[in-house]
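Q: Fit chain U to the given chain G structure using the hints.
Number of protein chains: 2
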Amino acid sequence: MAADCIFCKIATGEIPSEMVHEDERCVVFRDINPQAPTHLLVIPRAHIVGMAHLDAADLELLGHLLVVAGEVAEAEGLAESGYRTVINWGPDSGMEVPHLHLHVLGGRRMTWPPG
Amino acid sequence: MAADCIFCKIATGEIPSEMVHEDERCVVFRDINPQAPTHLLVIPRAHIVGMAHLDAADLELLGHLLVVAGEVAEAEGLAESGYRTVINWGPDSGMEVPHLHLHVLGGRRMTWPPG
Numbered sequence: 392m393a394a395d396c397i398f399c400k401i402a403t404g405e406i407p408s409e410m411v412h413e414d415e416r417c418v419v420f421r422d423i424n425p426q427a428p429t430h431l432l433v434i435p436r437a438h439i440v441g442m443a444h445l446d447a448a449d450l451e452l453l454g455h456l457l458v459v460a461g462e463v464a465e466a467e468g469l470a471e472s473g474y475r476t477v478i479n480w481g482p483d484s485g486m487e488v489p490h491l492h493l494h495v496l497g498g499r500r501m502t503w504p505p506g
Numbered sequence: 392m393a394a395d396c397i398f399c400k401i402a403t404g405e406i407p408s409e410m411v412h413e414d415e416r417c418v419v420f421r422d423i424n425p426q427a428p429t430h431l432l433v434i435p436r437a438h439i440v441g442m443a444h445l446d447a448a449d450l451e452l453l454g455h456l457l458v459v460a461g462e463v464a465e466a467e468g469l470a471e472s473g474y475r476t477v478i479n480w481g482p483d484s485g486m487e488v489p490h491l492h493l494h495v496l497g498g499r500r501m502t503w504p505p506g
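Going line by line, the protein sequences match chains G and U.
Heads up: the first sequence is residues 392 to 506, going by the working numbering.
Heads up: the second sequence is residues 392 to 506, going by the working numbering.
If we strip away everything but chain G, and leave its shape as in the complex, we get:
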């Protein structure tokens, strides 16, 4: 856990969120500024800064984030209609919180390009 990381504090519950899933490795909560009818954030409990900081030692954790993304999307009723997952890294992406997070957006038609 990193001091002053808002997502670390959401993972521990120190900062409240609308949590939809939690397990020993990750939590999933609703984005407070949703860009689609369903907009979830999947984050590891461990403080991984972002895509440029992934470690081969974390393969199972990273895979788990994708599996959980699929599971929560299905729980939200999106498995048939579809959804988009997004991970931002760095200034060109608009990433705001330096704690790895995977967006899951669905419930509307997503356009192309993806931003």
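No lab work stands behind these hints: they were computed from the structure.
Source: prediction; values computed, not measured.
Wrong hints could be hidden among the right ones.
Chain U is faced by these chain G residues, among others (derived, beta-carbon under 10 Å) [what the hints assert, rightly or not]:
| id | residue |
| --- | --- |
| 1 | D449 |
| 2 | E471 |
| 3 | M486 |
For glycine and all other residues, C-beta sits at the position ideal for the given N, C-alpha and C.
A: The following block gives chain U in isolation, referenced to the frame of chain G:
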């Protein structure tokens, strides 16, 4: 490998592509309809249909796809400027090829929402 899957055939080289990375578990090639100055597709060699078909048995493979996405983005010079990774699933996402693929887009400012 699935018969008639264009991405399976790209992975084996049966269909040519502009490949930028290949290893025993995945390949990375340039999208033929790029939406950013850099637009890569990271795909597993195994024919995983998509997000709704992930299996906990594939955790390491799925994690590897994310690690490789970070590596090829860095190789493209995007580690500092930033980039966006996207996985589409189902009709609402505009997914076209039913073989799991992770888009890596960078080299320009990405907007929000992500499509």
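Q: When the hints from earlier in the document are held up against this structure, which numbers fail?
A: Hint check: nothing fails, all pass.
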